[in-house]
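So the sequence lines, in the order shown, correspond to chains E and U.
For the numbering used here, count along the first sequence from 1 and bump the result up by 15.
For the numbering used here, count along the second sequence from 1 and bump the result up by 15.
Hints are not guaranteed to be accurate.
You can't tell identical chains apart in this list, so a pair holds if it fits in one copy or across any two.
[Said to hold, decoys possible] Here are the computed lysine to any residue pairs in the SDA-like style, where the Cα-Cα straight-line distance is at most 20 Å:
#, residue 1, residue 2
1, K383, K430
2, K419, I222
3, K27, G349
4, K88, D99
5, K268, S240
6, K45, G421
7, K399, I222
8, K335, E315
9, K24, M219
10, K360, P205
11, K288, L30
12, K24, K88
13, K45, G134
14, K399, R352
15, K45, S68
16, K24, N120
17, K27, G134
18, K45, G366
19, K233, E397
20, K411, D108
21, K430, P161
22, K88, M26
23, K370, P55
24, K27, S379
25, K77, V101
26, K419, G349
27, K45, P365
28, K88, Q390
No lab work stands behind these hints: they were computed from the structure.
There are 2 protein chains.
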Amino acid sequence: MAMTKKPVKGMKDILPEEMAIRDYAINLIKETYKGFGFTPIETPTMEHIGNLSNKEGGENEKLIFKVLKRGEKLNLAAASNENDLVDSGLRYDLTVPLCRYYSNNSEILPAPFKALQIGSVYRADRPQRGRFRQFTQCDIDILGDPTNLAEIELILATTTLLGKLEFSNFKVHINDRRFLRAMTAYAGFPEERTDIVFIILDKMDKIGWEGVKEELLKEGFSEESVNRYVGLFEKMGTGKEAIAYLAETLGDKLDPAAVRNLNEIIDAVDSLKTADFELAFDATLVRGMGYYTGTIFEIEMLDFGSACGGGGRYDELIGKFTGMKVPACGFSIGFERIITLLLEKGFKVPGAPEKKAYLIEKGSDAEKIREVLTQAQKERAEGKTVSVSMRNKNAKFQKEQLAKDGYTEIIEVYKK
Amino acid sequence: MAMTKKPVKGMKDILPEEMAIRDYAINLIKETYKGFGFTPIETPTMEHIGNLSNKEGGENEKLIFKVLKRGEKLNLAAASNENDLVDSGLRYDLTVPLCRYYSNNSEILPAPFKALQIGSVYRADRPQRGRFRQFTQCDIDILGDPTNLAEIELILATTTLLGKLEFSNFKVHINDRRFLRAMTAYAGFPEERTDIVFIILDKMDKIGWEGVKEELLKEGFSEESVNRYVGLFEKMGTGKEAIAYLAETLGDKLDPAAVRNLNEIIDAVDSLKTADFELAFDATLVRGMGYYTGTIFEIEMLDFGSACGGGGRYDELIGKFTGMKVPACGFSIGFERIITLLLEKGFKVPGAPEKKAYLIEKGSDAEKIREVLTQAQKERAEGKTVSVSMRNKNAKFQKEQLAKDGYTEIIEVYKK
Numbered sequence: 016m017a018m019t020k021k022p023v024k025g026m027k028d029i030l031p032e033e034m035a036i037r038d039y040a041i042n043l044i045k046e047t048y049k050g051f052g053f054t055p056i057e058t059p060t061m062e063h064i065g066n067l068s069n070k071e072g073g074e075n076e077k078l079i080f081k082v083l084k085r086g087e088k089l090n091l092a093a094a095s096n097e098n099d100l101v102d103s104g105l106r107y108d109l110t111v112p113l114c115r116y117y118s119n120n121s122e123i124l125p126a127p128f129k130a131l132q133i134g135s136v137y138r139a140d141r142p143q144r145g146r147f148r149q150f151t152q153c154d155i156d157i158l159g160d161p162t163n164l165a166e167i168e169l170i171l172a173t174t175t176l177l178g179k180l181e182f183s184n185f186k187v188h189i190n191d192r193r194f195l196r197a198m199t200a201y202a203g204f205p206e207e208r209t210d211i212v213f214i215i216l217d218k219m220d221k222i223g224w225e226g227v228k229e230e231l232l233k234e235g236f237s238e239e240s241v242n243r244y245v246g247l248f249e250k251m252g253t254g255k256e257a258i259a260y261l262a263e264t265l266g267d268k269l270d271p272a273a274v275r276n277l278n279e280i281i282d283a284v285d286s287l288k289t290a291d292f293e294l295a296f297d298a299t300l301v302r303g304m305g306y307y308t309g310t311i312f313e314i315e316m317l318d319f320g321s322a323c324g325g326g327g328r329y330d331e332l333i334g335k336f337t338g339m340k341v342p343a344c345g346f347s348i349g350f351e352r353i354i355t356l357l358l359e360k361g362f363k364v365p366g367a368p369e370k371k372a373y374l375i376e377k378g379s380d381a382e383k384i385r386e387v388l389t390q391a392q393k394e395r396a397e398g399k400t401v402s403v404s405m406r407n408k409n410a411k412f413q414k415e416q417l418a419k420d421g422y423t424e425i426i427e428v429y430k431k
Numbered sequence: 016m017a018m019t020k021k022p023v024k025g026m027k028d029i030l031p032e033e034m035a036i037r038d039y040a041i042n043l044i045k046e047t048y049k050g051f052g053f054t055p056i057e058t059p060t061m062e063h064i065g066n067l068s069n070k071e072g073g074e075n076e077k078l079i080f081k082v083l084k085r086g087e088k089l090n091l092a093a094a095s096n097e098n099d100l101v102d103s104g105l106r107y108d109l110t111v112p113l114c115r116y117y118s119n120n121s122e123i124l125p126a127p128f129k130a131l132q133i134g135s136v137y138r139a140d141r142p143q144r145g146r147f148r149q150f151t152q153c154d155i156d157i158l159g160d161p162t163n164l165a166e167i168e169l170i171l172a173t174t175t176l177l178g179k180l181e182f183s184n185f186k187v188h189i190n191d192r193r194f195l196r197a198m199t200a201y202a203g204f205p206e207e208r209t210d211i212v213f214i215i216l217d218k219m220d221k222i223g224w225e226g227v228k229e230e231l232l233k234e235g236f237s238e239e240s241v242n243r244y245v246g247l248f249e250k251m252g253t254g255k256e257a258i259a260y261l262a263e264t265l266g267d268k269l270d271p272a273a274v275r276n277l278n279e280i281i282d283a284v285d286s287l288k289t290a291d292f293e294l295a296f297d298a299t300l301v302r303g304m305g306y307y308t309g310t311i312f313e314i315e316m317l318d319f320g321s322a323c324g325g326g327g328r329y330d331e332l333i334g335k336f337t338g339m340k341v342p343a344c345g346f347s348i349g350f351e352r353i354i355t356l357l358l359e360k361g362f363k364v365p366g367a368p369e370k371k372a373y374l375i376e377k378g379s380d381a382e383k384i385r386e387v388l389t390q391a392q393k394e395r396a397e398g399k400t401v402s403v404s405m406r407n408k409n410a411k412f413q414k415e416q417l418a419k420d421g422y423t424e425i426i427e428v429y430k431k
């Protein structure tokens with residue numbers, strides 16, 4: 016039977032040109048993060064369906080690719096719903112597998128444990144331009160450190176990496192969930208409805224402050240609370256001044272530890288950073304995942320108008336999953352977004368070896384071929400990339416393809 | 016709900032120690048194969064279920080992890096068998112995805128196309144010690160070259176890699192399906208039953224020649240044919256002498272092109288090889304997959320008594336799948352087996368950077384921490400791996416874990 020040529024819906028074949036940049040980026044990520052003491056780990060693609068459906072994955076849980084049971088365990092006749100049919104699923108992020116990995120292996124892992132994971136994740140999302148159902152995530156996490164040394168190291172490592180990838184003019188937005196909560200308390204929003212306030216605040220970029228006000232009022236919040244809330248943002252100013260303003264204004268609604276936390280991170284990163292970026296307090300930063308407990312951050316590429324990574328502190332999550340209370344903080348870069356930006360920028364992989372191709376005329380005898388291969392082996396030993404192939408009838412197309420593939424020297428070898 | 020700690024059945028968490036060797040091996044594989052002109056590509060983990068169930072995958076097709084349909088497409092009430100429930104599956108090898116990739120993209124790929132694929136594959140096999148349901152395969156393939164330049168380059172690239180991984184004293188067994196067929200024809204076995212002869216011959220290592228004879232007789236083959244067949248193996252001798260003996264004895268049953276093919280490959284590899292190994296004709300080499308059409312080969316590690324890779328020419332397979340007739344030849348190394356051997360050998364990753372850890376006493380102020388980080392950033396910029404953490408109460412265990420992880424210098428920093 017003839018094969019279906021296209022990949023399955025929403026997935027893609029990675030072509031040589033993109034592959035070269037991906038390989039380069041992955042090597043640089045590993046080298047840079049290892050330099051900060053992060054340890055690469057790998058977890059299986061599949062997870063127990065129960066681990067994936069734990070209610071901490073939010074919307075992603077609706078997008079799981081589920082794997083059918085096999086053999087005797089699959090009983091189609093007795094199955095009343097799809098949960099009877101499946102026992103595992105493809106991971107939709109690297110955080111669930113990290114929590115499972117840590118609880119499975121914590122006795123033999125260093126404490127604190129600084130993990131680096133690069134791997135494919137899968138979401139049965141509606142396919143869109145530039146968004147795929149299989150994509151690479153790249154996470155660093157520090158498990159077991161309750162202090163903001165973790166945040167500082169995560170931000171330094173990530174921004175050093177982006178600098179090495181020749182990104183500049185970016186901004187790291189930083190906030191603390193404790194600021195978000197203190198501000199809603201100050202405004203007088205009922206505590207059990209803060210989530211909806213955050214969802215609306217998160218849209219500020221798109222709908223502006225007038226839109227935020229309107230949506231909050233539509234939700235039935237009092238005009239007084241809404242004005243008090245939005246007023247805070249209007250009056251606070253920017254940067255460390257804004258932090259000071261909120262510390263004073265919010266009074267005992269705001270934990271002084273949260274104030275100290277952000278000031279220390281900003282001071283440390285400002286004096287230690289190696290890349291060209293600004294770390295700035297952003298009281299509107301929300302980050303979607305409900306599991307964040309403290310610091311949150313997000314990278315904005317100013318030249319491209321897009322976020323390309325983020326993270327934060329999630330001190331409760333591992334405990335919820337595993338019963339072991341472990342403070343944790345992580346930073347994830349948008350690997351696919353970064354590759355797209357590098358391709359758009361026409362990024363050239365630096366230090367790529369010289370590429371040389373030999374094309375041997377068809378019908379050449381074994382001795383002639385061996386002669387060419389002897390020369391090729393010598394050049395390979397010197398570190399060159401050398402490809403030896405038979406010369407096609409249509410050598411013009413063949414040579415064009417080689418040139419496109421970066422071969423700068425093409426040598427045609429004739430029978431005699 | 017508490018999480019299940021263990022990975023799903025038959026899969027494993029990869030711990031830091033193994034990860035370091037895997038990363039090193041993967042980098043070396045990419046670097047070495049790229050040096051021979053192979054181009055890395057990547058295909059999705061999932062394939063159309065129809066592509067995986069094409070009858071060329073042999074036993075592997077019974078081991079597919081199948082992925083449940085989603086949304087409206089899943090109609091449990093109307094499903095009469097499991098094929099109604101699934102639309103895709105996890106790939107069980109890299110050959111099916113390669114064929115699909117090539118047919119999907121051939122117009123923009125070089126011809127011949129020299130592909131390198133490293134990726135996870137999945138088989139719902141009975142778990143066994145050292146065998147997992149998710150494992151990495153590493154394949155190189157040359158598509159579009161009908162000459163044995165392909166075989167020569169594949170063998171040189173693979174053995175160069177093994178040499179760089181410090182393997183020596185290995186043997187590459189080589190045969191040609193045309194020799195296998197000519198020998199059964201000479202013995203007088205009916206052509207339609209050659210497959211069962213090959214299955215029995217493949218067991219020679221385990222059951223010896225007496226066992227082979229016995230099983231062939233049990234299958235109802237004539238004593239004359241069986242003796243004539245086994246007699247060939249007894250009389251042929253070894254190496255190129257054996258090829259010459261068979262060429263003479265089998266007469267017009269054997270295509271002279273097959274004889275020339277093996278002699279040319281052996282001569283070329285003998286004069287061009289860079290690693291310590293022997294390439295030897297082995298008339299008992301069968302290789303399981305039915306799709307091989309010509310040359311076949313397999314690597315045997317003599318010090319470990321195990322095969323750790325193999326491949327061959329499969330000129331018909333891409334045509335069967337895609338309708339495009341494309342000659343092809345590939346070599347796959349047993350990545351997991353190689354990692355196991357490296358771990359057993361106590362292999363040390365060469366050229367790993369110096370690792371230094373700072374442990375800061377708890378309660379140190381922000382300025383003290385920044386001081387340590389300033390020094391760490393300086394050392395990182397010099398290429399060192401530097402980890403900065405807070406010092407645990409039980410610093411003895413912490414230091415032991417760091418030492419195990421390769422940290423040779425551990426500096427404890429006190430509050431004052």
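inquiry  = For each hint given before, does the structure comply? Return the numbers of the non-compliant ones in rising order.
reply    = 2, 7, 8, 9, 10, 11, 14, 15, 19, 20, 24, 26, 28
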